[in-house]
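*Asks:* All chains should be modelled from the sequences, with the hints used to inform the complete structure.
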Amino acid sequence: MIQFQFIVAFLMIALGIYAFLAKRNLLKLVLALNIIDSGIHLLLISLGYRMELNEVPTAPIYTGYETLKSPMVGPLPQALVLTSIVIGVCVLSLAVALTINAYRHYGTLDVRALRRLRG
Amino acid sequence: MPFIVAFLFAYIVWLLLTAGSNGLLWSTEELVAGLIFAAIIGYATKDIVGENSTRFLNPVKWLGFIAYAPVLFWGMVKANFDVAYRVITGKIRPGIVRVPVDLENDAQYTILSNSITLTPGTLTVEADPEEKALYVHWINVPKGLERPESSEPVTGPFEKWARRLGR
Amino acid sequence: MKRTLAYLSLLFILGALLYIANPNYGLKFGPGGEDWLKYRYTDNYYIEHGVEEVGGTNIVTDIVFDYRGYDTLGEATVLFTAIAGAVALLRPWRRDEE
Amino acid sequence: MMAFFYAMVLVGIAGLISVLRLILGPTVPDRVVGVDTLNTLVVAGMVLLGAAYDRTIYIDIAIVYALLSYIGTLVIAKYLQGGLA
Amino acid sequence: MNGETILPYLIIVPLFGAFSMPIISLAGRKAREAWAVIISGITLLVGSAVFHSVYENGPMLYTLGAKSPFGKANFPVRIVWEVDLLSALMVLMVTLVAFLAVLYSLGYMKHDTGLDKYYTLILILELGMLGIAITGDLFNFYVFLEIMSIASYALVAFRNDTWEGIEAGIKYMFVGSIASSLVLLGIALLYGQYGTLTMGYLAVKIAQNPTVVAKVALAFFIAGLLFKSGASPVHMWLADAHPAAPSSISAMLSGLVIKIGGVYALARILFSIYGSSVNMKTVGWVIIIFACITLIVGNAMAVIQTDMKRLLAYSSVGQIGYILLGIGIGLAAYGSRTGDIALAGAIYHTFNHALMKALLFLIAGAVIHELGTRNLNELSGLAKTMPKTTFAFLIGAAAIVGLPPLNGFASKWLIYESSAMFNPILATIAVIGTAFCTAAYVRVLYTFFGKPSEKVMNARDPDATMLWPMIILALAIIVMGLFPWQISDKVMIPVAKALENQLGYIATLMGGA
Amino acid sequence: MNDFDMGVIVRTAARATIPLIGIFGAYVVMHGHLTPGGGFQGGATIAGAGILFLIAFGLGEMKKRYNKHLYSALEGVGGLVFLGAAMLGIGTAFFYNTLWHNGPFFNGKPGTLLSAGFLPIMNLAVGLKVFTGLVSALTAIALWRRWKS
Amino acid sequence: MNYVETLIYIFLGISVAFNLLGSFALLRFPDVYTRLHGATKCTTFGTIFAVFAVVTHALYQLHRTGDSKYLQMALHSFIALIALLLTNPTGAHAIAKAAHLSGVKPVRAVVDAYEEKLGGGSE
Amino acid sequence: MNAVDLDMLIQAIILLGVLITAYLTIRYRDLLSAALASAAMSLLLSLEFYTLHAPDVAIAEAAVGAGVVTAVVVYGIAKTERWESEAP
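Chains as they are written, first to last, in this note's numbering: chain A, 611 to 729; chain B, 2 to 168; chain C, 219 to 316; chain D, 893 to 977; chain E, 356 to 868; chain F, 40 to 188; chain G, 246 to 368; chain H, 1279 to 1366.
Hints are computed from structural coordinates only; laboratory data are not their basis.
There may be inaccurate statements among the hints.
Claimed, not checked - Below are the SDA-like pairs computed for lysine to any residue, each with C-alpha atoms no more than 25 Å apart in a straight line:
#1 Lys-633/A / Ala-895/D
#2 Lys-47/B / Met-101/F
#3 Lys-633/A / Ser-1363/H
#4 Lys-103/F / Ile-5/B
#5 Lys-148/F / Leu-25/B
#6 Lys-144/B / Phe-82/B
#7 Lys-92/B / Leu-316/G
#8 Lys-107/F / Trp-311/C
#9 Lys-636/E / Asn-778/E
#10 Lys-246/C / Val-666/A
#11 Lys-256/C / Asn-664/A
Stated by the list, open to error - Far from chain A, by Cβ distances over 10 Å, these chain C residues were calculated:
#12 Lys-256
#13 Glu-271
#14 Arg-312
C-beta atoms are modelled at their ideal positions from N, C-alpha and C, and glycine is treated no differently.
*Replies:* Dropping the structure here:
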């Protein structure tokens, strides 16, 4: 069968990188970073999925689990993604803080204005 | 006093959330933890809940809320079928009307406006306690009611209930 | 020129990723049965031994705080760092204070 | 019960239709209305799926979403009213 | 006291210092400065103890949360710290330079606001680098990479009322974030294919079954980490970020961050995880090509700069080129004597460059602190009014160019020697790079010893807290220069051997039960 | 217009909703080892209540309630508690869950509130940290004046 | 199929019908305010019935098995419903007010009293 | 159709929505609309995590995406400017 979860995740990553290359607005770049991160999270969570024949799996939590005997999906990617989500939020808030500082200096959000330093 | 309101509110929600931890009832540690957290939340939000909230401590009012639920629900059913009819046929005659109401405090305004917002067909755009008026977007303004003098055609029975419940 | 190169590399990345998304070559979605033990042995270990070794019935929390608790410490530090950084960046400027 | 799954599929289609409003909407409030509808539909879907998978604990997510989804709406509404800045 | 008991304190002490900084700083300015110095000093002690222990007893394994990483299974399920000699050397380097930078910022940052956040961030920066150096788990490596990166983004833009800081911070942040995302993507792919995250066990699994996924993941790792280390096609952020930061931070960024977050991590992933499972010749040549471009571009750009710190930053790019060249040759000639020498040279140069570049940036900071400018045209004749500073600069510049009595000579010589043995063209390129480098530094020295301009007449040497770190660094350079081959034989060659020894790395993990 | 608020309806609804979000966040934090959720999720939920307060009541009210030093100190306290909980079992190893294996409390039957060793403590610490941190960040952004050049 | 399951099916049918209706209203109506009528209210109504279906299901299972998790399921769904009823109309009101203040006028309106009030206030 | 097929169908629908909203996020020139589409993306992603049986992640994504990220980005827009400038 088609593994469309992976394909969507990869498309999201590519979309984010495309936006990162093509867009010129700082806040847009922040959102693009968010999209890349989301794509990677989707990829990781899909990696932990588990399918037995004709059985819907269930979350790796034992509360109230006694009455049904489905296979459990992998818990490790979920733990990784939790950590990664926090990191994403941190980067985002720091980026917004930097962006509004830059707006006060430059009066615009266009990255092309940030060319005073000769690289 | 507001502390007690917030505390009770939080504790009741906690009890609803943790029911069934011991058979169909509560285990002791859940009850104790609920007390602690409800106290913290109550202390932290006592200024937010506000001084006026103490009137909700009255048990009669709680019965009132329970009695109000079917009224609201029936209003929603009627109005939803009305809106369904309008979605299918497309017959609308919208307008924002000014509805004078006779209410006293914030809670009454909120109950009334949320109720009439929940019933489709009417939608509160602005509540103005100074003018004692609501500005309501009405999906089908009947002919001759562009400037309603009373709130009866718009709000139906809700204003009476809101006055009673929020007092 | 530069942008064309960038887009080409982007296409290359996407192509490589889509290539390995084919289950015959690489990643597999939802392995079950034998494959589960072959690819996800670590997850299986957590599911089987998590409750007795850590005690929480939520295996994810067990991993987050016990098996990989050090990661969570790092995560808390990231949060602390980012908040400190944001607050430091948003402090008033030196010339505004004068 | 399978009925919950079927209901969820239909709710998902309804969600896609409201995403259509997000695409079409000429003004920002139109888009906010689309997202708000999507919020409500997702809460419905989460509750339905919780019953379909037969796990109680999944419903907590619906509560979180129902409580928090309107904060985003309120932020944007406040921005449109000119209250930020 | 054995190493295993003291190892956790390497993380606990700076973390405790950082978390308690908001509380301590309520007590006032003196308390917070003293606290920062105390914490980084203790960390230096712990780091030296760890280095000593590893040097005496060989690599050590520490499991977080249990006695052994295995639990009831035969594969590791917990996070491990795996400290071999290379990690220990990096720990020593980080703690030393970070301590001096903290000491230096007491005087240097005197007139800035928001200092409680500053000291918090500088401690966390140190913590992040220490975490990267000692970890043995791939996702944990990512987390600490992010800690280090976020702290350095904030510190680069710390002076938010200067537009340089903000602009450089923004560039650095976006490039760094996308690099981190690429690294995370590589980690996700490796997890999906092999189902584990511990580096040693991943090496076992990849050696059993090297699939195409592992190669794609390796491509992502190399791309991301070259971004982070400032290799040439993407070195722009580095040249902006390092000058714009406060000088104490520049010293840490140039001396430590690009090495730990870029070079060390690259070496660890290439040698310890992949090892011989991939075609090392190809990967080695990829690294070598990037290294050559970096070497030429960095050193050549350094010559034409008029801004002192910018010159130093471009010089950093060039020196990263040397280090990458060493690593690339070590990879391409894996297992032969040439490879050993090249790796030893790269590691030696990493350590030396940390000291030299930290010294040079601290001097630049002192000059800025006294004169308020870093334009080289306005600095002529500084030798007359700031003799100690100029002397330190002379030592640093001579070391970085590679004059014989100083330590830079030994490491550069190792790299030249190995590249000449491997492929003479590479040696030629390296020597050309050195020529450019010499030109750049001679130009600065010429300016310093030139005719005094009016502006520099009322400058004088900085006060003690700023002077002592420089003196310590200069002394370290001189002392290391006195025993170049002893250090190389006693420390650097064993370090290179330890890095090359993938089986030993795996055995430390699997046999540590 | 710093003390702009959202009108009487939103304000009154926020009065009712904030305790609800608060207690539900506390539930998520406290039952992290039993049900989905945990420190970060609960903390972010409660931070949602803080954001709601900021939006519904305006920046003026927020300034009165928000103490910068207190919040950053609380954040530090959260981190220190986490670190302390991790160091409880330092005799065996860093992050050794000594409370669950042989500790005096928090070692009940799995599935009850008082089980799982240091997990509840860590959940509380992380929840405190995340709540204070996110509210601090958002307030810092909101307090930044708008500069028109 | 017994009568409880029939009831659940009826509830689900109403729920899905109103959710779809709300989405179609979103496409069909001409301006923001009328869309709000269709969208947020109809979907809220649909969600109420979805929750009713789940609650009925849970209570029925509780009756059959006596497992306390079904009690929790019913209660938690109920709390989700309460939360939705508290927040949703507030959000709708905020959007309507914001739309009006940001200059989106109701289309085909026979009367706009709020506009008159705002206009009178500013002049 | 059995439950697994239906599950996959639901996931396909949700992921289609995710892709559309992700595309909209980068397409809109109005940053406010972009933030809105980003919020919708986060919401659908949260539902997708839910259907992939990762409730912890779903809660985190819901709490973060609905509250914090939207608020931070919209505040950022409010402190700067709303419209992305036209391409040259």
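*Asks:* Measure nothing beyond the straight line between the CA atoms of Lys-633/A and Ser-1363/H; if it is 25 Å or shorter, mark the hint as holding.
*Replies:* Holds - the C-alpha atoms of Ser-1363/H and Lys-633/A are around 10 Å apart, at most 25 Å.
*Asks:* Lys-633/A and Ala-895/D: Cα distance at most 25 Å?
*Replies:* Cα-Cα ~45 Å, so violated.
*Asks:* For Lys-107/F and Trp-311/C, compute the direct alpha-carbon distance and say whether it is at most 25 Å.
*Replies:* holds (17 Å)
*Asks:* With the threshold set at 25 Å, check whether the alpha-carbon distance from Lys-636/E to Asn-778/E stays at or below it.
*Replies:* holds (13 Å)
*Asks:* Taken at face value, is the distance from the CA of Leu-25/B to the CA of Lys-148/F at most 25 Å?
*Replies:* Since the Cα atoms of Lys-148/F and Leu-25/B sit roughly 18 Å apart, the hinted pair holds (cutoff 25 Å).
*Asks:* Take a quick look at whether Lys-256/C and Asn-664/A sit within 25 Å of each other, Cα to Cα.
*Replies:* holds (21 Å)
*Asks:* Between Lys-144/B and Phe-82/B, does the CA-CA distance stay at or below 25 Å?
*Replies:* Holds. Lys-144/B to Phe-82/B sits at ~21 Å (cutoff 25 Å).
*Asks:* Does Lys-103/F pair with Ile-5/B here, judged by a C-alpha cut-off of 25 Å?
*Replies:* It holds: about 23 Å lies between the C-alpha atoms, which stays within 25 Å.
*Asks:* Checking one constraint from the list: CA of Lys-47/B to CA of Met-101/F, max 25 Å. Satisfied?
*Replies:* holds (15 Å)
*Asks:* A cut-off of 10 Å on Cβ-Cβ distance, and Lys-256/C was said to be off the interface with chain A. Does that hold?
*Replies:* holds (13 Å)
*Asks:* Just to be careful, I want the Cα atoms of Lys-92/B and Leu-316/G compared with a cutoff of 25 Å; is the pair within it?
*Replies:* Status violated; Cα separation ~44 Å.
*Asks:* Are all beta-carbon distances from Glu-271/C to chain A longer than 10 Å?
*Replies:* Label holds. Min Cβ-Cβ 13 Å, cutoff 10 Å.
Checked against the numbered hints above, the structure breaks hints 1, 7 and satisfies the rest.
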